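Q: Sequence:
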Amino acid sequence: MPGDLKMARALWPVLVASAVSLLPFTVFSTYLVPIAEETGSGVAAVGGLRGLGGLAALAVGTALAPLIDRVPKSKAVAVGLVVLAVSSALGASGDFLLTAVFCLLVGAGTAVINPALTAAAADRFGDGRSAARAATLVTSTTSMTAMLAAPLIALPALLWGWEGDLLAVTVVSLLLAAVFLVRGRKGEDAVAEGGPRTGYFASFKALAQVRGSVPLLAISFLRTAVFMGYLAYLAVYYDDRFHLDPALFSLVWTLSGASFFVSNLLTGRITNAEQSTVGTERLLLVGLLAALVTATGFWFTTWLPLALAFTSLHAASHAVVAACAVSLLVRRCGSMRGSALSLNAAGQSLGVFAGAALGGAGLGIAGYPGVAAAFGLLVAVAVVAGLLVLRSEDEDEMPGTA
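Residue numbers (my numbering): 139 to 540.
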């Protein structure tokens with residue numbers, strides 16, 4: 139199996155594109171207040187537009203899932219990057235209506251870009267563990283970008299403002315789109331284009347028949363709902379219990395992001411090693427059990443060091459689950475991996491909304507114990523799904539096999 143550095147050199151456009159795809163909404167979230175002032179609307183109204191992106195990602199990701207594997211991945215990524223470029227240019231206008239269009243297009247564009255990039259990385263290294271490792275490198279890059287993007291965009295914004303940041307994303311996205319089109323013409327998508335040509339709805343049925351695919355997709359949805367819901371109320375909890383101001387809480391956020399990145403990177407490496415001694419399905423279940431403990435226990439902590447430990451462990455456990463789920467989908471779905479990853483991303487988009495809503499309901503009904511109960515219930519269901527995935531394990535997935 140190629141080493142991480144060799145894979146990264148081969149996949150550099152994929153990794154750069156995965157990082158760039160996160161920047162538009164990072165700029166939007168970081169500069170929400172000045173963007174709202176520029177549009178002449180309230181922060182709540184403009185901030186609510188972010189939800190349009192999630193809805194667009196859910197709709198586009200689900201609708202296009204059977205089609206991702208029917209076109210060269212480089213062309214799909216290039217189209218998504220052009221959409222991202224156009225949306226970023228519109229977002230820099232400062233107009234409320236165009237900002238709404240910006241959110242819709244970014245959601246739609248990333249719904250194409252992210253699964254296509256992950257599948258393209260896997261296709262570059264064929265099938266099996268090498269392909270899965272390549273896919274997890276993309277997800278690791280995404281998590282690292284999420285952790286580092288805010289300070290990286292803040293520095294150039296001092297020179298040209300948030301509008302300049304979005305216009306820079308436009309330029310970089312167009313350049314990357316050209317790179318992917320050139321790579322596509324060189325035939326680098328040849329592996330991805332081979333595959334059975336089934337009907338549109340038959341593709342969903344065929345994917346559902348893949349060993350463990352349905353519980354794996356359910357796990358991704360439930361995990362995302364818990365983690366994103368948890369993050370939505372994390373600052374509130376640290377303020378209520380430990381009176382941390384935003385400056386100090388930013389360190390907590392960095393701790394969570396760093397824990398997720400390191401855990402995701404290491405899990406992808408360990409579970410996809412040629413002579414791995416750790417079964418991916420078993421590690422998935424361990425990650426879910428750890429998430430169950432931390433998702434419930436965190437909300438009862440009253441000692442800051444313990445809360446920080448729970449924060450780090452919770453992020454790490456989710457990263458383990460995410461890396462294992464992506465690895466198994468890539469290894470098991472073969473020529474349908476693009477469709478599987480597209481549905482996986484769509485489920486995560488739905489999870490963002492479901493988690494925040496369920497966490498808010500729990501908080502309103504029973505306070506923080508209600509939040510713990512709501513998230514604990516979701517993880518418990520995910521554990522059951524993890525047991526179903528473990529039952530579907532065969533000798534190709536057993537520890538020590540390539």
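Hints were generated in silico from the structure; no laboratory data involved. Predicted model only: the values in this text are computed from it and were never measured. Treat each hint with caution, since some may be false.
To be verified - With a straight-line Cα cutoff of 25 Å, these simulated DMTMM-like cross-link-like pairs (lysine to aspartate or glutamate) come out:
1) LYS213 to ASP265
2) LYS343 to ASP265
3) LYS343 to GLU531
4) LYS144 to GLU412
5) LYS144 to GLU301
Said to hold, decoys possible - The calculated label-pair distances, taken between Cβ atoms and stated as ranges, are:
6) THR415 to ALA447: 22 to 32 Å
7) ARG323 to PRO384: 40 to 50 Å
8) LEU296 to ILE503: 21 to 31 Å
9) GLY178 to LEU525: 48 to 58 Å
10) GLY186 to GLY302: 37 to 47 Å
11) TYR338 to ASP378: 44 to 54 Å
12) THR415 to GLY232: 54 to 64 Å
13) GLY505 to LEU143: 19 to 29 Å
14) PRO289 to ALA183: 26 to 36 Å
15) LEU313 to PHE234: 45 to 55 Å
16) ALA284 to GLY186: 18 to 28 Å
Beta carbons: idealized from backbone N, C-alpha and C, even for Gly.
Q: It remains to establish, for every hint, whether it holds in the given structure.
A: Cross-check of the supplied hints:
1. LYS213 to ASP265: holds (21 Å)
2. LYS343 to ASP265: Measuring from Cα to Cα gives roughly 22 Å; hence the hint holds.
3. LYS343 to GLU531: holds (21 Å)
4. LYS144 to GLU412: holds (16 Å)
5. LYS144 to GLU301: violated (36 Å)
6. THR415 to ALA447: 22 to 32 Å: holds (27 Å)
7. ARG323 to PRO384: 40 to 50 Å: holds (48 Å)
8. LEU296 to ILE503: 21 to 31 Å: violated (44 Å)
9. GLY178 to LEU525: 48 to 58 Å: Holds, since GLY178 and LEU525 (Cβ atoms, about 53 Å apart) stay within the stated range.
10. GLY186 to GLY302: 37 to 47 Å: violated (25 Å)
11. TYR338 to ASP378: 44 to 54 Å: Since the Cβ atoms of TYR338 and ASP378 sit about 49 Å apart, the hinted range of 44 to 54 Å holds.
12. THR415 to GLY232: 54 to 64 Å: Since the Cβ atoms of THR415 and GLY232 sit about 55 Å apart, the hinted range of 54 to 64 Å holds.
13. GLY505 to LEU143: 19 to 29 Å: Roughly 48 Å apart at Cβ, these two residues miss the hinted range, so it is violated.
14. PRO289 to ALA183: 26 to 36 Å: Check passed, 27 Å falls within 26 to 36 Å.
15. LEU313 to PHE234: 45 to 55 Å: violated (29 Å)
16. ALA284 to GLY186: 18 to 28 Å: holds (21 Å)
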